Each structure stands twice: as C-alpha cells, then as structure tokens.
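Colleague: Here is how the chains run, residue by residue.
Number of protein chains: 2
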Amino acid sequence: MKVIIVGGVAGGASCAARLRRLDEKAEILMVERGPYVSYANCGLPYHVGGVIEQESSLLVATEQMFRAIFAIDCRTRCEAIGISPKKKTVELKNHATGEVTTEKYDKLVLSPGAAPIRPPLPGIDLPGIFSVRTVPDSKEIREWLERGSSGLAEEAQASGFESLDTPKRAVVVGGGYIGLEMAENLAHRGLEVTIVEMLDQVMAPLDPECARIVERYLVKNGVRVALNDAVAGFRQAANGSLEVLTKGGKTYPADIVILAIGVRPETELAKAAGLEIGQRGGIRVDEQMRTSDPDIFAVGDAVEVKDFVTGEWSLIPLAGPANRQGRIAADVIAGRDSRFRGTQGTSVIGLFGGTVAMTGANEKTLTRLGHKDFEKVYLFPNSHAGYYPGAKTLVLKVIFRKSDGRLLGAQAMGQDGVEKRIDAIAMAIQMGATVYDLEEAELCYAPPYGSAKDPVNFAGMAPADVLRGDMPLVHWGSLDGSLLLDVRNPQEVAAEAVPGAVNIPLPALRSRLAELPRDREIAVICRSAVRAYYATRILLQNGFKAKNISGGMLSRSMLVTK
Amino acid sequence: MKVIIVGGVAGGASCAARLRRLDEKAEILMVERGPYVSYANCGLPYHVGGVIEQESSLLVATEQMFRAIFAIDCRTRCEAIGISPKKKTVELKNHATGEVTTEKYDKLVLSPGAAPIRPPLPGIDLPGIFSVRTVPDSKEIREWLERGSSGLAEEAQASGFESLDTPKRAVVVGGGYIGLEMAENLAHRGLEVTIVEMLDQVMAPLDPECARIVERYLVKNGVRVALNDAVAGFRQAANGSLEVLTKGGKTYPADIVILAIGVRPETELAKAAGLEIGQRGGIRVDEQMRTSDPDIFAVGDAVEVKDFVTGEWSLIPLAGPANRQGRIAADVIAGRDSRFRGTQGTSVIGLFGGTVAMTGANEKTLTRLGHKDFEKVYLFPNSHAGYYPGAKTLVLKVIFRKSDGRLLGAQAMGQDGVEKRIDAIAMAIQMGATVYDLEEAELCYAPPYGSAKDPVNFAGMAPADVLRGDMPLVHWGSLDGSLLLDVRNPQEVAAEAVPGAVNIPLPALRSRLAELPRDREIAVICRSAVRAYYATRILLQNGFKAKNISGGMLSRSMLVTK
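Residue numbers (our numbering), protein chains in the order written: chain A, 1 to 562; chain B, 1001 to 1562.
In case anyone wonders, no lab produced these hints; they're calculated from the structure. Check the hints yourself; a few may be wrong.
[What the hints assert, rightly or not] Reference listing, derived: stretches of chain B covered by chain A, where coverage requires no fewer than 3 residues with Cβ under 8 Å from a Cβ of chain A:
id	stretch
1	1010-1024
2	1043-1052
3	1056-1066
4	1413-1423
5	1505-1515
[Claimed, not checked] From the structure, some residues in chain A lie toward chain B, with a derived Cβ separation under 7 Å:
id	residue
6	311
7	313
8	323
9	344
10	357
Just so you know, these numbers come straight off a predicted model, no measurement behind them. Don't be surprised by glycine CBs; every beta carbon is placed ideally from N, CA and C.
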C-alpha cells in the first residue's frame, strides 16, 4: 500500500507518524510545500515577540527525523500541484529543481491547511505588510522589526522602505486569535499597537459582552482597538512609512502592518480534483475524514467539521482537532473504525498576563441557529480561596439547555485559573454532562488552587438554581417594567448606583418587606448576584415576584453600554 | 419546623445557609463549640506560615452574618453534649456561662468534624506540642513560634518552656496533607523541619512510587523525612527544648512539635445517641445523609461515605465533599430528593512551588480490595508546548480498567499545570469516561497552556494503545527473563545505563533486527517510553515479542529502589 500525504504540519505529520506505527510495511510519502515539516505554527507570534528566542525551537520534528524514525519518504519544498482521482496519481513539483513528477497512490491524505486571507486592497503588496503563517513569515517579520537596529537599514531601503528607524508603530488588521497574539507580542517588543477590526468586537468566538472585557483589557495594556471599521487600503507616506486607510475614513500611520483577518481553507487542489466542498468553503469529509472520493482523505484546517454541540458544519482551524483528525485518517487507512466526534471549539489565548478561554457553543451562534431552549448565567467567582493571597476574580459565562440542563458552552476570562475551569467544563460537555453534574464535580481544592465550592461547581449551582425554579433569572437589558431592588449596602450604592433602583440592604430586607410591591416584578441587584440570590429567595417565599439579575453590578458593566 | 445543626464549620454552615434559602420559615439553630463559625481550617497551615497574615482573613463568615443575612440563631462556644432521639431533644452547654439547656428539634444535623489523633504517649502534653485544627490552635502555634522574638519569653517560661530563643527546629509527626503543609509553612518561616512518619511513604493516598517523588522533593527543599518510624514519646531536654523519641530508637531535638498523625471522626455524641457507626469508625449515613435515625442527619468529616470508584465505605475528610453533603442534608430536610454520589478523593497539595494532585482510586487500594482487572501507565509529558519557555515535566500515573477502558484514578506531580489535568480527569471519572474518551478530549491549547496533544490526551492514548493491543506493556520489577532493549542514543546510555540491556538506537532498529531473538520477550526501554513505543510497534510488526516498559527511565527511578 502506498499512501501520499500532502502537507507535513499538524494534521499531515500526525497522520504520517500514526500510520507508520499501525503499518510498518506501508509506503508513505509526505510532501510539504514549505521548507519545514511539523513546525510549531502556534508559536510563531511568540517567536516574533522574542518570547521564543530561537527559530530552531519551532521545528518540532525535522524531515530527517521522519526518515530516520518513521521510515517515511519526507520531502520539503515539494508541492502537490494536481491530483488525478481516476488514475490515483498526484503531480508533485520539486521547488528546488523545478522538476515535476507523477506519483501513484493507493490512499491520499490532504492536509493543506488554511491560508491567511489577503484581500486585493490597494497597496497590499507594499513592503512592511505581513501575514503570519510559516516560519519564513516570522523570520521576515523579525528582520523587518530589527532592521533599524541591526545594519539592515540598507536592505530596508533597497526593498523600498525609506525610514531607517526601528519600527515603532504597528497596525494589526483583525482582532482574532492571531491578531491579538501578534498585538501582544509586538507590544512586548515595545511597539505602539493598533488593532483595526471590521466587526463590532474582538475575538469573534466570544459573545460580544465577553469580548468587551477583552477589549478593555487590551486598552488598559496600551493597545488601541478600532472596531467597526474595515481597511480600505495602504499607502506609503512621505517619510517612507505606511499608512493604513479605513473605509470609515481613518488613517493609521504604521511602520509595520500585520494582516490577521482570518484564514481560508486551502481547497484549490481538492476543487480541481472534483472533491466535494462544503457550505462553509472547506473540504467536505465524513466522520472518518474521507472526502467524496473514498481513497482520498482530508484533515486539519482545510476541512469542515461538525460542531459537537450544535451539529452544524463549521471551520475550526485549531491544532488539537487537526492532530486528532490526522490520527483518525491513519486509523481508517490502516483498516480501523475510528471516527471523529466533531469539534467543540475549545480554545485559549494569553494576553498581557490574562487568559481568555472558551468551549462549546456561544450565545450568538445559538441565536443565529434559531435555538430558544437555552439560558445563560454570569458568574464572578474567585480563582481560589479568597483568604489565600493572590485570588483573582474570574468572569464566567455559562450557557445551558433549559429543558434538561445540558451544558452547551462556557466562556471565561481572568488572570488566574481560567483555562483549567474551561478544561473541566470541556470534559463535561464532551461527556454530555448537565449543570447538575457540575454541581457535584469534585475538583482539586486547597487554598492556593480553588475553593471548597470551585468556580466549576458554581457554574453548575447557579444554572441548577434557575432550572429548579429556586432562582428566577433576568438579564440587564430585559428589565422593562420591573422594580429594581438593590440589596447592597449604602456605601456600595454610593460608589455606583443604578438609576431608579430602591436600596434595601440585604440584612434589613426581612423587616422592610412592607415597602415592596406585591403586584410587580422585582429585579434584585447586588455586586455579583450572590446576595441578590439570597434576597430573591426571601422575596419568593414571602409571595413576591422576584428575579435575580444575573451577574449583578459586575455583569452590568458588560451588558449596559451607555 | 425546627432544625438544629451541631457544628458550624464547612458541612454545618453550608447546610444552615442552604436550608434557609430553601425554607424561609424554618427555625434554624446552629451551635458551634469553638469561638468561630465557618472558618477556613484549610488555611490554618498558611496562617502559621505567615502566607495568610491576618487571622481575620480566616473567618469566612461570622456569627453575626448568619444572624443578619440568614436569620439563623447561631451560637458559638455552645456545645451539644447529649442527644435524646426519642424525645427529639439536644442538650446544649453554653461555655461562656456554663449553663446547660435542652432544645427540641424536628430535624437534627450533626457536623462535628474530625479531631486530630493525639495518642496517649509519654510527654504528649508537654508545652510546645500542637495539633492544627482550629483558629485558636494556629494562634497558639504562632505565638509559640514568635515567643523568642516578641517579648513572649516570659510567658513561654511561665508555661514551663525555658528556652528564650525563637524556635529553630520543628518535628512534624505524620506525613499526610496537614503534616506536609505544616512542614512547608514552618520551613517557609525558616525552621529546620523533620517529618517523622510511621508508614513507608508520605501522603498515604498516593501510591508509594509516586510518594517517593514527593519525598525526594521535600528532601531537596531541605525537609528531613524519616519514614518507617513511629513516635514513642516526648521529653523535655536539659536546655528546656523538646526531644522526640521514636520506636526505632532515634531522638530528634525540637523547639516545636506538630502532631499531624491524622484525624478521627467525632462520633461520641452520635454513639451516645445510639446512632449506627460504620466499619471505618465514622457515622453511617445513607445517600441522603440520613443516619440510622430518620430525623438525624450527619455530614462532613464525621461520616463514612461511599468511594465513588470502588464503592467501599471510606473516611474522606475533605472540605469539598463536606460542603456538598451539607447542601444535600438541607435539600432532604426541605423535602427534596438530593443524593450524595460518593466521594472520589480528588485532592491537591502545594509544596515548595510544586503541586501534587490525585483523583479516583489508587493502585494500593485496588490491590487491597482484590481487584485484578486494571492496568496502569506512567507518563512524563510537558506541562505545555516544549518550545514555549517554562515547560516542566509532569509525572502522571493513570489507572484504568482492562476489560472496558474505564478510568479508575490518576496521580500527578510537577511544577506547572498539575491540578488542571487532575481536574479534567476527575470530571471524566465522574461522568464514567473511558481512556478512549480522554484520547478525544478537546482541551485548551495555546503554547503557554498546553500542547496540541494535551497530557490528558496522552493519559487516554497510552492506555488505549495498551487495550487495543498496539502496545503490550510491562513494568519495572516484572521483567524476569526478558531481553532488555534500550533504544536511546549512545550518549543517553552513557549517562545512565540499565545493567544487561542491549543498546540499539531507534533510528538503527529496522536495519539491525537480525541481532534480536525471536523466541524471547523483548522489553523496550527509552527515556519516557515514547521512542520505546515506536520501537515496540516496529518489533511487533516484524514478528518479535515486544513490550514497552511504561515510563521508561523516568519511571525506573520511581520503581527501582536499589
């Protein structure tokens, strides 16, 4: 059996190594268009930022290792330029020699990845405008950033860029993962960074009110964020530096521009071979990573996958799923019955010492798909026991099904213990857990690590309180006609009051019930919705129509924008 | 309805607050023998160590808060000294006044906790010997530690301790959680610390080979660890300081001694009331936390609980389960059908910057119970992507059922990302997950946080490889008659060789198969069992009888003691 694997990074490399372990006799040829296989593209922004100093650190496995350890015919700078599914051949172009050869396959695996989107805007090819996908990309960016400081000035001039100074101002186009990681790393190098984002939020996989927290955190750390504006073009200024022009009429000066608008699945080869392309523009595969041609498999960023929670086809260009898909394709080629269970979009990003993580479905997506059977809570628990030094407030949004309590998704932000809560919730979602299961989760607790009731437990308790009818919930923005009852103490109210709210501090509530109306819904406010929960319980059991405002004053700053 | 709750810390306080939320009309009386309710006893060692500076930080909720917010009649320094289940009364002694009163109850909840074991050894009542259970205990220890340095010398002398110096040498009796936390905190204060432990390992919930790593880490951080030796008694030395005498004939000088031998459920009240006591010495309760008297409930460290994995009755004095049990008792009293699912023993400890965590069953327990249907793997993955600075090696032992792959338990140690892996595995165990589920787990990945294949994925992949027959496994200590094949490179072998092993580096293996016997089992060695896995695959597919030695050289130092 001869297997050709096109693309030697995450999915392709995983597939090749796994296939060799399963089949010592298979003839395996892995070709990679670029100069390196199995490199750490997730590390590229950190290499640009100097956090990962050596380029060699990014080379996880080399061509030589694939040959020596896995007996794989591994060829770099070798591009698949055509597939003939009928003849079961691939045309390969050797970029070193220009030679084109034709190779037969029994099974073919496509792992071409996704390419950074590079819209045909005026000036897009000016020097100083970069995408971040490959090791050579990061090298070019580093050289550009170091040009004023390391004798590269002449080269810079020769390449048409006249300024002799080290770049000081960066514009990052796009506020997604790569954009934000690049923004942080450029800021880390001392550049002034502006992010220009077409949407009304950064980090599209987050719901907007959560993204707002990220946006504020970026601003607090010196990054400028320009939302709701798209780049119209680029031009070279009189002094030789760049200008980024937007559709909104703004001009941002820049010594370097990073294009991080997003990625597009590389489907040219697949399309030319007549393989089915899905509705989201990725290669369509079945659960076994098989394309519409039974002898051709596809894995990684180029394929559409089923969203594990919503069942929708989606494009999720992440390394973890790509690796799993590569393994599954190898299993199936070796005659095993592995299946890909879909992707739940678990992801994390580190920004200026903070962490943002998420898993499962977000509210935007559920709403777009017309789902109504869900509710959300906002929680602000401590990252670990409040009495142990260093506890930080976590922001946690949990989305769950109303009819049966099934967990649908969670988003979390903070400076400590963020991703471990999302990991536990990701595991729970994978296993079909409900919020009632989270209530009973038994996680690691000692004062430096968590609380006897972990944030993950609260992520179950609060929704369960809602579903059992113990805590009717309402959200900022849906309070029309309700009496607002603020149960914080007067000092807190003095510091930040909610217009129109009546203040009865919680300890006084039982003795002042007569002041409240029985015919009107009462929406209860406190700082984080804990005392308001206690107050809601008192009111409900005394015959009032009470609801807790999820997240209290802490979610108000997320949800009330004016 | 009148409910009396005996004990106002974790389980009792949770029960009281939950019950009030569920029933605004119930009359709730909570009594606590000590001066504080709802205090953070998990924080006591850190208060002794000065990490938590203020004693007031430990007081999570006060008597006044219970009265004001929860309308609970909360009495401290009030001890329940007798129960009459027939009359449904409790005798309460007010320690401030000495007055004894009798109170009627409809439902009674016992949350008396567990008391530090204080064996009747000669000299045990000498000044300078302390247990660590309550806020006053930690206050006394702090005063003792500060006595030479803060004008307390006279007091110390008056109390019979003649040395005027600040204590410099501590002996901690017992190497469990409290003992180790105290050892760290005393070391943090600059004391020389010796741990004396009767067993042949520290941290009994760990398997011994894992405990050995903890032991070495303690020693590396300056703590002396004396195993296999029990304390015989204490005496005052000529200079006024203490001496700890052991059954093994050793004498350890000490300026302070901490007794951390373990805890014993407080069952006197329950026994006197004729309530059923279980085989492990705790109060026997059903899934609804009901004792053998249907109107009396018991929660927390005083009760026996079912081990979630093994189904055995066990004593698990941990705060998380105590809180859950308190909630469940409240639910049941309020007429709800909550049930305690048992405890899986998830726990964590921080030591000198390292973390040790575990969940589920350990090998010792499974063996003791006669289980044979299980296997284990040792893994040594990076805490996050190796190419991102700061990655540390995790030690991970995973135990799983051979017949169906069900996860049974895991133990982990390291300096980064330890407890989050145990949290994910704890969630998996709770949901009945198999190792195949861990293979497919989709956890947070970005270079600073994890790897595209997370340690949790490896914790599924390696066992799954074993169960699918892809990777026959063998352990150090069970290698009789096998040919040892070391596939590391010669430099590695030169640094540390395994006596009798044949060395064929992995890249040369395919061309040197003729050197190996076909009639003998070959046990393959490398550093961490990854290359040995590749080698095992090559050998098996070429007709050899090969097995991988789980954990390679890294587990050898755990398992081979001479």
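Colleague: If you check each hint against the structure, which ones fail?
Modeller: 6, 7
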